[in-house]
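Student: Starting from the known structure of chain W, arrange chain R on it as the hints suggest.
2 protein chains.
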Amino acid sequence: MDGAARERMLAGNDRTARRNREEFRDRHVIAVNVMGAPGAGKTAVLEATARAMRDTVKIGVLAGDLATDNDAERLRSAGVRAEPITTGAACHLDADMVRRGLAGLPWRDLNFLFLENVGNLVCPALYDLGQEFNVVVLSVTEGEDKPLKYPTIFQKSDLVLLTKTDLLPQLDLDVDLLRENLKIVMPHPAILAVSSKTGEGIDAWVHWLQGHDLHRSPACAATVTTW
Amino acid sequence: MDGAARERMLAGNDRTARRNREEFRDRHVIAVNVMGAPGAGKTAVLEATARAMRDTVKIGVLAGDLATDNDAERLRSAGVRAEPITTGAACHLDADMVRRGLAGLPWRDLNFLFLENVGNLVCPALYDLGQEFNVVVLSVTEGEDKPLKYPTIFQKSDLVLLTKTDLLPQLDLDVDLLRENLKIVMPHPAILAVSSKTGEGIDAWVHWLQGHDLHRSPACAATVTTW
Chain W
455 MDGAARERML AGNDRTARRN REEFRDRHVI AVNVMGAPGA GKTAVLEATA RAMRDTVKIG
515 VLAGDLATDN DAERLRSAGV RAEPITTGAA CHLDADMVRR GLAGLPWRDL NFLFLENVGN
575 LVCPALYDLG QEFNVVVLSV TEGEDKPLKY PTIFQKSDLV LLTKTDLLPQ LDLDVDLLRE
635 NLKIVMPHPA ILAVSSKTGE GIDAWVHWLQ GHDLHRSPAC AATVTTW
Chain R
455 MDGAARERML AGNDRTARRN REEFRDRHVI AVNVMGAPGA GKTAVLEATA RAMRDTVKIG
515 VLAGDLATDN DAERLRSAGV RAEPITTGAA CHLDADMVRR GLAGLPWRDL NFLFLENVGN
575 LVCPALYDLG QEFNVVVLSV TEGEDKPLKY PTIFQKSDLV LLTKTDLLPQ LDLDVDLLRE
635 NLKIVMPHPA ILAVSSKTGE GIDAWVHWLQ GHDLHRSPAC AATVTTW
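Protein chains in written order, with the working numbering: chain W, 455 to 681; chain R, 455 to 681.
Just chain W, same shape as in the assembly:
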């Protein structure tokens, strides 16, 4: 695609994203764009989030995937309102896909709407969906260097969820170096370490989310990051 065509396409996406955002805000629905590499643990962390939040708030998920609706099925099995968005060859969600996906989800009554993006650290960073927050799910097995190698997605994120921390004893991950690398690329570096398997850190993540719930002051969110 040439530069001008790309600009037009992104401008069209931004218009739809703004419309999505306005409607989410009108209904007090907090939309969270959940991005990360394939296998980073996006669906698992949303399952753990649903278990932790189910008695207090209503959550829903639009689960983006190239070719299957496996993630939406997994989430439904965990009791979450979930709808698949099958993107075909597209390596990311866009605002219009979200708009169409909403038709299948009773989203207006939700407190949180998670937009689980396609597993990819490149393309999703370019497309605004209308979300309130961007979260990157990064597994401890992916290495310290990922923020420097995929800077745009980290630069645009409000929070990094470092997942699979139960595997840390088996790895040589230098968490301090990872934090330093995040500081280089994130304007407001924030990281929370979680294990969807053991539940470690899920409370802090839920606390972070609830700091933004229903337009309460987001200031308290800063106190729960482990930075």
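None of these hints come from the bench; they were simulated from the model.
Some clues are possibly wrong.
Claimed, not checked - Which chain W residues face chain R? A few, computed with CB under 8 Å, are given here:
#  : residue
1  : Ala491
2  : Asn574
3  : Leu575
4  : Val576
5  : Glu596
6  : Lys600
7  : Lys603
8  : Tyr604
9  : Ile638
10 : Pro641
11 : Pro643
12 : Ala644
We put the CB at the ideal spot given by N, CA and C, even for glycine.
Tutor: Below, chain R alone, put in the same frame as chain W:
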């Protein structure tokens, strides 16, 4: 990009890829396109491959990356001839990037040229580079479902390298289900399990490569997969 523009772009890429392939074959250089998600272990497996092969054959790497030359630096530190290809916003290598990258690498004397693609399970599958073989590096932490979720890249691959097998005791990965899923999408399913950390399986992978070395009969390669 509309369909026609995309077709034109891919046709142009295919022409350059054919030219690359002819030149590689003329020089008896086996080019291997190494794909995989961010953090799957592509660079680590190439480092282990270099250690295992250094006394017998000459290998080189063109290391694709969005924003850094870290992988090329890591490989050079391991004694490998390596040249970075910085792709900017592009989520994949293309044939022309490879062509330009070759200018910095004494590739004509190599036995194997590895084209380490950008960490991504979507975009790289669409671009022929002129390689002889496609290999997908898939880490044991990524889950059994990835072949079904990213079918195109697995469908086009000659071999899946299942990496980080040293972590298997800590995981619930169902390797049999992963194999079943690969059988669904790969025309000629082939998998080798390796650990770049312990060296497990690296010999079999080197054997697989050498089955294709210098246009010797590739038939023996079939005997070393662990299918």
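Student: Taking the hints in turn, state whether each one holds.
Tutor: For each hint, the structure was consulted:
Hint on Ala491 (chain W) holds. Least Cβ distance to chain R is approximately 4 Å, under the 8 Å limit. For Asn574 (chain W), the interface hint holds, the least distance from its beta-carbon to any beta-carbon of chain R being 6 Å, beneath 8 Å. The criterion of a C-beta within 8 Å of any C-beta in chain R is met by Leu575 (chain W), whose closest approach is roughly 5 Å, and the hint holds. Taking 8 Å as the C-beta contact cut-off toward chain R, the hint placing Val576 (chain W) at the interface holds, the least distance being around 4 Å.
Given hint, Glu596 (chain W) at the interface with chain R, holds; its Cβ is 3 Å from that chain's nearest Cβ, closer than 8 Å. For Lys600 (chain W), the shortest C-beta to C-beta distance to chain R is roughly 6 Å, which falls under 8 Å, so the interface hint holds. With 8 Å as the threshold, the beta carbon of Lys603 (chain W) comes within range of chain R, its nearest partner Cβ sitting at about 5 Å, so the hint holds. Restraint check, Tyr604 (chain W) versus chain R: the minimum CB separation of about 6 Å is within 8 Å; hint holds.
Residue-level restraint check for Ile638 (chain W) is violated (minimum Cβ-Cβ distance to chain R is 11 Å; threshold 8 Å). At about 17 Å, the closest approach between the beta carbon of Pro641 (chain W) and any beta carbon in chain R exceeds 8 Å, and the interface hint on this residue is violated. For Pro643 (chain W), the interface hint is violated, since its Cβ never comes within 8 Å of a Cβ in chain R; the closest pair sits about 18 Å apart. Annotation: Ala644 (chain W) was flagged as interfacial toward chain R, and the flag is violated, the nearest CB pair being 20 Å apart, outside 8 Å.
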